[in-house]
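From first to last, the protein sequence lines are chains A and B.
In terms of our numbering, the first sequence is residues 79 to 319.
In terms of our numbering, the second sequence is residues 515 to 758.
Treat the hints with care, since some could be wrong.
Covered stretches of chain B (in silico footprint by chain A; criterion: 3 or more residues with CB under 8 Å from a CB of chain A, positions within the stretch not fixed) [unchecked claim]:
no.: 1; segment: 573-579
no.: 2; segment: 607-614
no.: 3; segment: 617-628
no.: 4; segment: 676-686
Across the chosen pairs, the derived CB separations fall in these ranges [unchecked claim]:
no.: 5; chain 1: A; residue 1: Ala-297; chain 2: B; residue 2: Gly-537; range: 41 to 47 Å
no.: 6; chain 1: A; residue 1: His-234; chain 2: B; residue 2: Asp-712; range: 34 to 40 Å
no.: 7; chain 1: B; residue 1: Gly-562; chain 2: A; residue 2: Arg-268; range: 52 to 58 Å
Don't read these hints as lab results, they were simulated from the structure.
Using N, Cα and C, we set each Cβ at its ideal position, and we do this for glycine too.
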Amino acid sequence: MSTRRTLLTTRRILQQLRHDPRTIALLLLVPTALVGLLAWTLANRPGAFDSIGPKLLGVFPLVVMFLVTSVITLRERSVGTLERLFTMPLTKADFVAGYAIAFGALALVQSFLVSALSYTWYGLAHQGVPWRTSVVALCAGLLGTAFGLALSAVAHTEFQAVQFMPAFILPQLLLCGLVIPVSQLPAVLRVIADVLPMTAAVHAIAPLQSNWYYVGQFAIMLAYILVALVVGAATLRRTTK
Amino acid sequence: MSNLMGQSTQSTIDVVDLSVVRGNNEILKSISFGAAPGELIGLLGPSGSGKTTLMRSLLGVQATTGGSARILGFEVRSPLLRARIGYMAQGSAVYLDLSVEENVRYFAGVLAEPPSEISRVLDVVALTSFADRLVSSLSGGEQTRVSLGVALIGSPRVLILDEPTVGLDPILRRDLWRTFDELATAGTTVIVSSHVMDEATHCARLLLLRDGQLLFDDTPASLLVTSGAANYDVAFERLIEGTR
Numbered sequence: 079m080s081t082r083r084t085l086l087t088t089r090r091i092l093q094q095l096r097h098d099p100r101t102i103a104l105l106l107l108v109p110t111a112l113v114g115l116l117a118w119t120l121a122n123r124p125g126a127f128d129s130i131g132p133k134l135l136g137v138f139p140l141v142v143m144f145l146v147t148s149v150i151t152l153r154e155r156s157v158g159t160l161e162r163l164f165t166m167p168l169t170k171a172d173f174v175a176g177y178a179i180a181f182g183a184l185a186l187v188q189s190f191l192v193s194a195l196s197y198t199w200y201g202l203a204h205q206g207v208p209w210r211t212s213v214v215a216l217c218a219g220l221l222g223t224a225f226g227l228a229l230s231a232v233a234h235t236e237f238q239a240v241q242f243m244p245a246f247i248l249p250q251l252l253l254c255g256l257v258i259p260v261s262q263l264p265a266v267l268r269v270i271a272d273v274l275p276m277t278a279a280v281h282a283i284a285p286l287q288s289n290w291y292y293v294g295q296f297a298i299m300l301a302y303i304l305v306a307l308v309v310g311a312a313t314l315r316r317t318t319k
Numbered sequence: 515m516s517n518l519m520g521q522s523t524q525s526t527i528d529v530v531d532l533s534v535v536r537g538n539n540e541i542l543k544s545i546s547f548g549a550a551p552g553e554l555i556g557l558l559g560p561s562g563s564g565k566t567t568l569m570r571s572l573l574g575v576q577a578t579t580g581g582s583a584r585i586l587g588f589e590v591r592s593p594l595l596r597a598r599i600g601y602m603a604q605g606s607a608v609y610l611d612l613s614v615e616e617n618v619r620y621f622a623g624v625l626a627e628p629p630s631e632i633s634r635v636l637d638v639v640a641l642t643s644f645a646d647r648l649v650s651s652l653s654g655g656e657q658t659r660v661s662l663g664v665a666l667i668g669s670p671r672v673l674i675l676d677e678p679t680v681g682l683d684p685i686l687r688r689d690l691w692r693t694f695d696e697l698a699t700a701g702t703t704v705i706v707s708s709h710v711m712d713e714a715t716h717c718a719r720l721l722l723l724r725d726g727q728l729l730f731d732d733t734p735a736s737l738l739v740t741s742g743a744a745n746y747d748v749a750f751e752r753l754i755e756g757t758r
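With the hints as constraints, model all of the structure from the sequences given.
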């Protein structure tokens, strides 16, 4: 693995996005607008946004980054640039890390925008710590990126990738505590929910827990990020049959 | 390294009994040929004859099932070869949403070539005035030149070009063949595939592939003489019938 080739890849991906302002706008504005819409719908229920809003800060980056990463890496396969890179001295780790850094940076900007607007304009009165919320949003973005990279090995077309989204995201959305608190789920589902990455993101944002609780949730997220990145790298094939 | 230097006057490509089997299909059947520096070789054959599989095998990105293939003395899967072979795939295989220069800059960076290489390559493929244009805004022929430019980064000693002239107008095809000829004259081994038999005229040597089998390996002139045909299409047809 080479730091230089990784960062070159990161720069190249960011350049691609720079030429595509619409995608950047969608990435940054859609989650921001959605959280704003949620705050508005809950305007007549005092305190409701304060409990649901922060959870979404851990959900949106995951969903958005998952979609974008899986589609853009699939495009690398279908256009042939991935094969070209594999005839060059670029390692799978360079490739995957390049993507993780590029989209991690984007997730950081996205999370900053969403939290900044939530705490000011949308009137979020959350008892959590703003910086922890941002770190969770960053982790959620990285989770989405890492799983998107891993998925691009399974999906053969961009169409399939988009359809994987509900299969991968919706069950987690139901179990992560957004609809019903995890503690009120049936026992089996509770066990499953507790080890899902999106649940960890939601838990890590929750206020008034012990430090070890937070460390545990971040550890779950980091473990998923690392495993998904390794799986993503391992499933990239330099040679084909 | 001494091995590499010692190869300079000998063959650049050595393929012996190379075969590729995919499921029950024999894609390549015991292919053998060699190539020397400065050779311009046309790899011709109908669609599905195995041209792309053979080229991908030479690049080390195709799993082979038998035989051996070496380039510059190295086994084709060797990581040491990865900066030494220029490759142009079917389709442009460059980033459509980057400018011409950004594409070349990225690939030059991956190959650890100096920035001066960017302007040199853009000059060779006559794209200097298009440097800031997005590749997606270019015509098919211009996109082909971007892809060729990327393949030329670092002046590799072996160039493998998969159907680079397909779908291009006659003038552009002529210009591309002129470029290939110049590169070969400068000592590069150039392999160009095509399913258009008439492109044989541009090559110093022909490899004719059909159903994964190497039917012919000689000069274009000798193909016409041995087959007694007036043009390459007919010559190829007779060659196929003769082997049945």
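Tested hints:
For the segment 573-579 of chain B, the stated coverage by chain A is satisfied: 5 residues place a CB nearer than 8 Å to a CB of that chain, which reaches the threshold of 3. For the segment 607-614 of chain B, the proposed coverage by chain A is satisfied: 7 residues have a C-beta within less than 8 Å of a C-beta in that chain, meeting the threshold of three. Counting residues of the segment 617-628 of chain B whose C-beta sits closer than 8 Å to any C-beta of chain A gives 6, which meets the bar of three, so the coverage hint holds. Coverage of the segment 676-686 of chain B by chain A is violated [criterion: at least 3 residues with CB-CB distance below 8 Å; count 0].
Range check, Ala-297 (chain A) to Gly-537 (chain B): Cβ separation about 44 Å, and the 41 to 47 Å hint holds. One distance hint, 34 to 40 Å for the beta-carbon pair His-234 (chain A) and Asp-712 (chain B), holds here, with the actual separation near 36 Å. A hinted range of 52 to 58 Å for the beta carbons of Gly-562 (chain B) and Arg-268 (chain A) is consistent with their spacing of about 55 Å.
The structure fails hint 4 only (numbered hints given earlier).
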